[in-house]
Amino acid sequence: MTFIDIRNLRKSFGPATVVHDFALAVERGEFVSFLGPSGCGKTTILRMIAGFETASAGSITIDGQEVTDLPPAKRNVGMVFQAYALFPNMTVAQNIAFGLRVARRGPDEIAARVEEMLRLIKLPDIAGRYPYQLSGGQQQRVALARAIAVKPQVLLLDEPLSALDAKIRVSLREEIRSLQKDLGITTIFVTHDQEEALSMSDRVVVMNEGRAEQIGTPFEVYNYPRTRFVASFVGTLNILTATVIDAENGRLAIDGREVLAAHTVEGRASGDTVTVALRPEAVTFGEAADGRDELAGTVEAVSFLGAVVRIRVRLESQTVSLDAFNQPAVRLPAAGEPVTLCFARDDLLVVAGG
Amino acid sequence: MAAGTIAISKPARRPSGSALAWIGVAPFFLFATLFLILPTAFLIIGAFQDADGHFTLVNLTDLSQPTILAAYKISLEISAASALGGALIGFALAHAAVSGGLPAWIRPTLMTFSGVASNFAGVPLAFAFLATLGRTGLVTWALMQWFGFSLYATGFNLLNFFGLTLTYLYFQIPLMVLILTPALDGLKREWREAASTLGASRGQYWRWVVLPVLWPSLLGSTLLLFANSFGAVATAYALTGSSLNIVTILLYAQIRGDVLHNQNLGYALALGMIIITGVSNVAYIWLRGRAERWSR
Amino acid sequence: MKASRIGPWIAVTLGALYFLVPLIGTFEFSLRMRRGTYSFDAYRIVLGDPNFQASFLYSVVLALATIVVGTLLVVPTAYWVQLRLPKLRPLVEFVTLLPLVIPAIVIVFGYLRLYNSQSILPLTDSSRGTDLLLTFGYVTLALPYLYRSVDTGLRAIDVRTLTEAAESLGASWSTILFKVIFPNIRSAILSGAFLTFAIVIGEFTFASLLNRPAFGPYLQLVGANRAYEPAALAIIAFVVTWACMGLIQVFGAARGPTQPK
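Chains as they are written, first to last, in UniProt numbering: chain A, 1 to 354; chain B, 1 to 296; chain C, 1 to 261.
Next comes chain A alone, as it looks inside the complex (with noise of 0.2 Å):
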């Protein structure tokens, strides 16, 4: 069943629209991520599910109730900001308690929730410090015990992470994950980073220019990329310029050379070019044997990156990167070489957008 639901929200600021038409359907207790690059409008979306910015028209209703013109304190959502945002005046516990004291509970009951709050996150012992004590990653844990101690309907986490350094980064976001499916809490995660938003969500909706360009899966936004934006910004992939011989058999020319996608290509003629994406990691050098196809080049450079070596190989006017196992015992081309490569039908996607 739905429980956000979105509807034709658009934002504008002036002249300058930053969300169009924007729609979606969160069910209840999915972390659905918002993934784009800044200034893509995936905050400026939050911000109104937060009730901070008004809607220019369209509307958003959490569990049955319209909330488009709600202020903020009616709406029931819990926020994580970028940039910690505690209360600077007040220690740990007395951040955690903030909205239940808003909400007039009893001492008891807050003393009780506050120490709850504290072991969910793992910092059993701070509650007396303040915030300017306390780590960016210890900041960050107390923000969100503060946000989920009231029992929000929603979370809503805007780049939380983005200020930590890189191992915190990767531990605390697989601690927000755990426990939001602990609580069941639904939630809406804000990030530019697509490793973030691929290990975290149940769903991702992929940001560009004030629109939504694809949503789904992680797997199926990082092997099935419907646009040519998609393809780019989430993973590393191979984008090349094709163009069709024969549409209804899948017959491209990259740089020349024929190749055989798995697909038709709809609404293509012959002749007309097209964008296609090749993951890195699909492409190995050798022969073609049955069922996948061959390109040639020449290796223009060769990148360690530790478990994997990074190759890129010029075709002719386009260049191709591929990803091989770091092994010893295997000898990889030099810059210079001539090479083969290969990889399967089903990985040439054809992506719109062209």
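Certain hints may be false.
Quick look at which bits of chain A chain B covers, simulated, 3 or more residues with Cβ under 8 Å [to be verified]:
1) 75–82
2) 140–150
Going by beta-carbon spacing under 8 Å, a handful of chain C positions derived as facing chain B [as the list claims (entries may be wrong)]:
3) Gly-15
4) Arg-84
5) Val-106
6) Tyr-111
7) Thr-152
8) Ala-156
9) Ala-198
10) Pro-230
11) Met-245
12) Leu-247
Counterexamples of contact, computed for chain B against chain C with all Cβ distances above 10 Å [stated by the list, open to error]:
13) Asp-50
14) Pro-66
15) Ile-74
16) Leu-84
17) Phe-162
18) Gly-163
19) Asn-245
20) Asn-281
Keep in mind the hints are simulated off the structure, nothing from the lab.
None of the values given here were measured: they were computed from a predicted structure.
For every residue, glycine included, the Cβ atom is placed at its ideal position computed from N, Cα and C.
Fit chains B and C to the supplied structure of chain A, relying on the hints for placement.
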């Protein structure tokens, strides 16, 4: 808090080294000693001496003469009134400019203007108020001409407590705007938003977050304004001549012509001023340290 | 949200009125010298007054001397404290704030007692000596502003790295100070300098009690004896103050967009 001073520094990374390192700051300390410490110390010591240089407390008890007490009283009143008024109005103005949702040009205009007005003190400021609110001033004339309202018939006088306070506000308000704006900038938008998602009303947000965060800055700035007007001489002197009996004008007359007929009593008068401005300034510095603690 | 903007508008409007009305009033008053019509007579008389020219020039020279002495005192000190004696910073900062704590009239009172004809250093005996004392007095008054400005400027650049880089290239101490440090905090020094100028140009208490023919005492004298000229002088003083603040903005902004406010 234990760290009540302005200790903003980080511990030294490199040992201070030889005595040679101290030569670099020697000119500064020599200057400060000669032109700041010694002159003040001379007066302070003089306040505890009689005419023959013997130790005495008589000068301090003599400060209780009616003229001197009255001078301190009216100085304190004017300083307190102009500090409180300046703080309240300055706070309102700064808040309006920082988070009032006004057009973007308002804020830089206000800041530049405050920079000018807070330095536009002294003799010219007195002239400006005489030309505006004096007996033949523009506003006095306009009130009479347009509204048939006689300002001076109400007992208004530019040369008394009220008039001087009104004049002092001209540099007190902008000074408050200049000191308080950084503190108001320190109020993060996220605090207000976090409070509102947690259900807090505007009033609750102000009571529980804004005022507790701002009070050291507010109180400290008010104290600075207080000391600022307490030590002011030129505006009052140019406005009232020596007709208004405030401490600075009394001291001015004493320096000029020993009107108290006792040099050492003059030193005691100065000591009293140092104590009053000193206490309020030290409190200001301490409060500023407190205010900065949270933003670190 | 619309309703909450009325309050800020009222505050700003009242504030603007409070600050503009005296200026307009003063300007209007300054034009009233000739009966029945507006004229710039008051300005002509003031600007043609030899005493105005002399006292204004005297104060300008004094302000420039204050800026030079103050800069030469403050910059090496702030630099040295940051580089070698960071432990001293609280003490130095406290001393530079003292002129805000001790009223100017008290400081000059001390000067008159300490440097009179009976003292070891009888500065007030000659007018050159008194000029010198007045300059030092103004340096004292400007100390809080100059030091803050320079210290902030020094913190914005990496003093230690700059110094070490210059040292490694064989620069002497004077070269480092005048060719490396000064140019890098030029805008901070200029900001402090214009503020100092604005403070010194119309200063009354020090100049009057030390009996020097500065602009401040001249203003007071004119105010006590004339009707329309003081208003013209107030407008001139306001323009000078405004020019100083404007120049601070110009040179502050010249640091470029990378500098935080």
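Now the hints, each set against the structure:
no. : hint    : result
1   : 75–82   : holds (count 6)
2   : 140–150 : holds (count 4)
3   : Gly-15  : holds, 5 Å
4   : Arg-84  : holds, 5 Å
5   : Val-106 : holds, 5 Å
6   : Tyr-111 : holds, 5 Å
7   : Thr-152 : violated, 12 Å
8   : Ala-156 : violated, 15 Å
9   : Ala-198 : holds, 5 Å
10  : Pro-230 : holds, 4 Å
11  : Met-245 : holds, 4 Å
12  : Leu-247 : violated, 11 Å
13  : Asp-50  : holds, 16 Å
14  : Pro-66  : holds, 22 Å
15  : Ile-74  : holds, 16 Å
16  : Leu-84  : holds, 16 Å
17  : Phe-162 : holds, 15 Å
18  : Gly-163 : holds, 13 Å
19  : Asn-245 : holds, 15 Å
20  : Asn-281 : violated, 4 Å
The structure shown violates the earlier hints numbered 7, 8, 12, 20.
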